[in-house]
Structures are given as C-alpha cells and as structure tokens.
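A.B. asks: Starting from the known structure of chain A, fit chain B onto it as the hints suggest.
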Amino acid sequence: EAGVTQFPSHSVIEKGQTVTLRCDPISGHDNLYWYRRVMGKEIKFLLHFVKESKQDESGMPNNRFLAERTGGTYSTLKVQPAELEDSGVYFCASSLSVGGGLNTEAFFGQGTRLTVV
Amino acid sequence: AQTVTQSQPEMSVQEAETVTLSCTYDTSESDYYLFWYKQPPSRQMILVIRQEAYKQQNATENRFSVNFQKAAKSFSLKISDSQLGDAAMYFCAYNLPYSGAGSYQLTFGKGTKLSVIP
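Chains A and B, in that order, give the protein sequences. Just so we're aligned, residue 8 is where the first sequence starts under the working numbering, counting upward by one. Just so we're aligned, residue -15 is where the second sequence starts under the working numbering, counting upward by one.
Extracted from the complex, chain A is given alone in its bound form (with noise of 0.2 Å):
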C-alpha cells in the first residue's frame, strides 16, 4: 500500500513567487493534515481537511496561503506570495479517523522543503 507522497520534495523560490505543494494521502484516509516545520523550531499544525472540507485551518499563518481538497482525495497548498518567512518543511499527514484512539495514527508523508530566497 502507497504511503503519503508529498511533491516536491524540494522547492527554491524567489521571494513574491508563488509556489503550490502537493499531498496524497493514503488511499481511504479521509483525514488530511498540514503541518510546518520551519528550521530550528516544532513542527507547527496548519490545517485539517475532512474528505474536502476544512475541519480547522487556525494553524493557517495568513491569508497568502490557501489549502485545497477538491474531491477530497489529494490536497494542494499554495504559497502566493512567498515570503522569506515562508521556508521550512511542509509536512502532510493522513489518517482514517481522529483522537488519538484506533485507526486515528497520522501517516507523514517525506515533507517538502520550501526555500525562499
């Protein structure tokens, strides 16, 4: 069974681009999760999809960044425009349910790093 695969795995971009990472979660995993690790710091939540809706997205750090799950299978972030601050390590995890309980482990997709310069 495929994991999570994330594309990139790498991306450099110049400041004001606008750069879209993409996620597939395991297949069956209606919980899709995005999380930033920038250098030196936590890996940071940033928004929850269930199937294509947007359980919580109070991680999201402003509004130049948009999360997608149309049809609630793979999930694209978008970047626009990219700021200095932006670079880090984008992680995507899936999982069949939530709370911590059964069924509820988060898959981590390899991440991709996003470098801004």
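Treat the hints as calculated values from the structure; they're not laboratory data. Glycine included, C-beta positions come from ideal geometry on N, C-alpha and C. Among the hints, erroneous ones may be present.
[Unchecked claim] Beyond 10 Å from chain B on every Cβ pair, some chain A residues (computed):
#1 24
#2 49
#3 59
#4 72
#5 85
#6 90
#7 124
[To be verified] One-sided and incomplete, this derived list gives chain B residues near chain A with beta-carbon spacing under 7 Å:
#8 53
#9 81
#10 92
#11 94
[Stated by the list, open to error] Negatives, chain A to chain B, calculated, CB over 10 Å:
#12 80
#13 105
#14 116
C.D. replies: Relative to the frame of chain A, chain B by itself:
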C-alpha cells in the same frame, strides 16, 4: 494552550547501549494521548509508540519503552540495545481524543537528534 518541550536538541548513544530521550508537556486536560515519532534522515516520520493518559501502564514496543509520569507531565522514551538504524530525529507529540476547535491537531516538541555511534 498545550505545549511540548524536548530539552535535548542532540544526543548520542553507543551501539547496543541504552538511551533515554526526555519530553515534558503542559496541559490542563486529564485525558489525552502522547506519542513519540521518529524521522530518519530524508525519510518519512513514523510513529514509534503511543501512550493513553488514562493508562497507568507504560507503553512498550519491542526495544522502545516510555516512562510516563502523569503528575509530573513527563513522557520520556527509552531505547534499549540501540542500533544504527535508530539514528533519527525524535519528536514527542500530544493530542486530545475529542473534538473541539483545533483539538485534533498534534502538538509537537522541537525534536531531539539522536546519533548512534558504531
């Protein structure tokens, strides 16, 4: 707000020896879950072990075990018989089992980079 603190940015252990990674957390909740995740270099983060706060018994997964001290809000990870493949970033994390604004998210610590010396 819940916070997770990992006070050891880096640690090293000799192969076959035992190492303990520290984690403390702050929460006002009584029911929650704690996790240790492992991220090897350039690879996916995987779940190592999970602990339910209502269980007094410490979780164990093969060579990995935890020391869960609920009153002290401490959740350390012990790796026994360390192997080269254990070298990775280890993240301690927390979440709640019920719905509420933002409550399904994992709250992570900054991570501890573990090196295993042959």
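A.B. asks: The structure should be examined with respect to each hint, and the outcome stated for every one.
C.D. replies: Status of each hint after checking the structure:
1. The Cβ of residue 24(A) sits about 25 Å from the closest Cβ of chain B, beyond the 10 Å cut-off, so the non-interface label holds.
2. For residue 49(A), the requirement that its beta carbon stay farther than 10 Å from each beta carbon of chain B is not met, with the minimum near 5 Å.
3. Every CB of chain B lies more than 10 Å from the CB of residue 59(A), the least distance being 17 Å, so the non-interface label holds.
4. With a minimum CB-CB distance of about 16 Å to chain B, residue 72(A) clears the 10 Å threshold, and the non-interface call stands.
5. Listed as a non-interface residue, residue 85(A) keeps its Cβ farther than 10 Å from every Cβ of chain B; the least gap is roughly 21 Å.
6. Every CB of chain B lies more than 10 Å from the CB of residue 90(A), the least distance being 22 Å, so the non-interface label holds.
7. With a cut of 10 Å on Cβ distances, residue 124(A) stays outside the contact zone with chain B, its closest approach being about 22 Å.
8. Violation of the interface hint for residue 53(B) is found here, the shortest Cβ-Cβ separation to chain A being roughly 19 Å, above the 7 Å cut-off.
9. The beta carbon of residue 81(B) comes within 4 Å of a beta carbon in chain A, closer than 7 Å, and the hint placing it at the interface holds.
10. The beta carbon of residue 92(B) comes within 4 Å of a beta carbon in chain A, closer than 7 Å, and the hint placing it at the interface holds.
11. Nearest Cβ of chain A to the Cβ of residue 94(B): about 5 Å, under the 7 Å cut. The hint holds.
12. At roughly 19 Å, the least C-beta separation between residue 80(A) and chain B is larger than 10 Å, which holds for a residue marked as non-interface.
13. With a least beta-carbon separation of about 5 Å from chain B, residue 105(A) fails to lie farther than 10 Å from that chain, contradicting its non-interface assignment.
14. Distance check for residue 116(A) against chain B: the nearest CB is about 6 Å away, which does not clear 10 Å, and the non-interface claim fails.
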